[in-house]
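K.L.:
So the protein lines, in turn, are chains A and B. Here the numbering used here is used: position 361 in the first sequence is 509, and no number is missing along the way. Here the numbering used here is used: position 55 in the second sequence is 1004, and no number is missing along the way.
Please keep in mind that the hints were generated in silico from the structure rather than gathered at the bench. Each residue gets a CB set at the ideal place from its N, CA and C atoms; glycine is no exception. Certain hints may be false.
[What the hints assert, rightly or not] Pair by pair, the computed Cβ-Cβ distance ranges are: (1) B:Val1072 - A:Lys491: 20 to 30 Å; (2) B:Ser988 - A:Gln947: 48 to 58 Å; (3) A:Gly494 - B:Pro1070: 33 to 43 Å; (4) A:Thr663 - B:Arg1062: 23 to 33 Å; (5) A:Arg941 - B:Arg1062: 35 to 45 Å.
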Amino acid sequence: MSTTTENPTGTTTRTVVVVGHGMVGHRFVEALRSRDTESTWKVTVLSQEAEAAYDRVGLSSYVGAWDRTSLALAGNTYAGDDLVDLRLGTRAEHVDREARTVTTSTGDVIAYDELVLATGSHPFVPPVPGHDSTGCFVYRTLDDLDGIRVAAESAIERAAVEGREANGLVVGGGLLGLEAANALRLLGLTPHVVEFAPRLMPLQVDDGGGAVLEGLISHLGVQVHTGAGTSSIAAQDDGRLAVELSDGTALLTDLVVFSAGVRPSDAVARAAGLDVGERGGVLTDAACRTSDENVWAVGEVAAVEGRCYGLVAPGYTMAEVVADRLLGGEATFPGADLSTKLKLLGVDVASFGDAMATTPGSLEIVHTDATKGTYAKVVVSDDARTLLGGILVGDASAYTTLKAYVGREVPGDPGALVSPAGAELGADALPDDAVICSCNNVTKGSICGAIAEGACDLAAIKGCTNAGTTCGGCLPTVKKLLVDSGVELSKALCEHFEQSRAELFEIVASTGIRTFSGLLARYGTGTGCEICKPTVASILASTSSDHVLDGEQAALQDSNDHFLANIQKNGTYSVVPRMPGGEVTAEQLITIGQVAQDFGLYVKVTGGQRIDLFGARVEQLPAIWQRLVDVGMESGQAYGKSLRTVKSCVGSSWCRYGVQDSVGMAVDLEHRYRGLRSPHKIKFGVSGCARECAEARGKDVGVIATDKGWNLYLCGNGGQTPAHARLLASDLDDETLVRYIDRFLMFYVRTADRLQRTAPWLDALEGGLEHLRAVVCDDSLGIADDLEAAMGRHVEGYQDEWKAVLDDPEKLSRFVSFVNAPEEADPTVAFDESGPRKVPVLLGLPTVRENA
Amino acid sequence: MTTLVSPPQGMSAEVAAAAGRNVVRPGILPSPGARQWVSACPVTALVPGRGIAVLLPGGAQAALFLLPNGMIYAVDNLDPYARAAVLSRGLTGDRGGEPTVASPLLKQVFSLRTGAALDDPEVALPTYAVRIQHGTVRVGLPLP
């Protein structure tokens, strides 16, 4: 039976049926449809799950938001593509190879010219007594997680009544097992992980790496039991499960998740008489063709030349191979690089090349730092010259470069590769055929080629090479290549302004232009956007004391500055009362508590010694501010690019070690710089002695008391790229300290790029710390008076922005949910208070309405 | 049946000043067919460059924007990415001349003219027709 028909272009259209719509099945359809420019193939896809292809690798991120759409793979419904027929919730029951038909669970018989099996695999459940008890789960699909969720939630309720913690046990301590443990943790259970091997992730890491990994993971509250099997599971009368381990440990657990490996889902293939591998899986040749020339297998179900692969990247390669073959190509599966880099429970783990040192004569160089919780091993050839592989735990930042060196001679001492003091391998030393982006297999040569052909920014390189478009881990290396090639990165703020932020600042300061429209008319094009508007708003705010919602400025402020509060995921706001140095009176604290109670706000103490009140609707904000104003408080910036908070320890007034009044100084500094708008957020810390309890060296401005005065540290950052602040000057008196901070802050505000925090700003500053010291302490540029005067104007002009709104009926009138129903609360705002804490509930997916 | 947009009527000096231009006009022409017109607010209540939310009969919400050039647009207020009613609080602007609003949450950019998400061909916001009568902005809903 043939399905061949004529298509409009005169060529023939054939039908390929794809069984399975996981990540690899989807990749196959995409690959085929994007390359089949003549439309020679019609595709019918059968998906057993009701959900179209989703990111199974990221399954644990489903926990919390419970949003199926957020895991959907791009383009997974093939909307608008008439040649793809996706049938969800439809299983392939039977394949008749003779007739070339597939019979589905809905009773349809679909004829095919070619058949692609992408049925994936299913979790292996060890035949432990009691493995099918209620409360036992597997971890593979969204439906599995929904089931685990229900059980976990009732377990937490039950545990709360009984006054204990709810826990869950994961059988299997490999990659998937730790993912499952993470899911349990996110659900609020204490996870136990049981691994038969003597270490976690036995396939990826060695004993040393496993030990460090176990330490890091135990630290996160996961109970690890290695070198133990699960002997029996028995349901208890109280709904819990009694689990006995082979080492004699007995555990009572609320639920059990099996995550002890997978088995290829090859039942349909077996029934159809296709050859299967020794350990299961549909046997194929290097072209992914099975024992039937019209049937192919890809992904976890395929045993390519006898070998199954449990990672998604080799599956993607197989999908590309088969797509190529169906279009007449000659592609073969080149074997797979099983290198992996992943973040499990927030812990970096990477393993690449000959990680287990199986090459005869190979040597291992290991660096373990028990205090930091890092493990780094490289495996080199017997002459210690060629890098063969390695393992990184705790910090995998060197992965991209190290992996690119696998199979190559290492410049210099290989031990330096894992030594923290050792030389870092630069991208410039790499040969052209070294792979920089391993997700998309892009070499240094192709990236440099793209640069030579005129790609002059990251977006252009992504566009023409695909490098960095999947995980993005290689982007710092790509950027380095770009800079090394001498390309001048464009400073343009956005499509509306060719100038950088610092240049616009100079323009505003020297021309006196005070409106966005005026600046745009003279120096820009178009009408602006979400990048240049807040940037210009910040510059205008840094250079005057106008209220941020005055006149035209109101339309430039990003949502937080527009509503003077911190927008949260459901569109409500959080309010953080200003609390300099973390100091608060009993009366103020009572007011904050009453406000939270009266407005039903969720309360959380922040990292900056303040109290965050979540869940206020737009129209509630002014009433909340009024209550604060009534007891002499004001709201504070926990948002915006501005001074956030000055953190302090209790200092000499209470602490027996303190040598200066750190709280008093913190309060003064916050009052001085509050409201200052800047290129990025600014945080301060003040410590009353060298013990540094305020962690001031992690702040943009860190002040640490000495017995003679204050040491001033600058440009420390927390966040994504932490940096310690660096000492600018020692033993300063109060007045000099404040003068230096004035100068520093204004210098930063004037010269930094948009969203450039102080640490990268200092890194990029020509002359570095020495130059900064010269400008701030020695006035080498002769601008110190000017900087101080500018700060003086800011301090002088400070007003309580929130109170100013209360005092201005016009501004106040904008704080409504609906312009045509100012009394109405937004009916879409809802919260769930059934769990341990109040959380926002997002809307169901909006249905797209016909355009009016 | 074709419905033509009525030219702006009763434009007061105050209304025109609010937009910074002499003419305030709808950015989206209504498609043919009768519809229900919901009064939103006086034109003067709109801040040029910013949006405001309008509660519609049946519980839907429109995000209404007046741009500095005098054009008024209405798209659905629900951010399909964040699943929250926030788009009226986004920043307006243009991309290559196309009038836009950026979600205040995760900054996805939508065309105000067509509702399309500019970086994602599969996502589009519903749009609403707008008319201005006697200084009042009205949002057009298709009749059920």
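K.L.:
If you check each hint against the structure, which ones fail?
P.N.:
Hint check: 2 fails alone, others pass.
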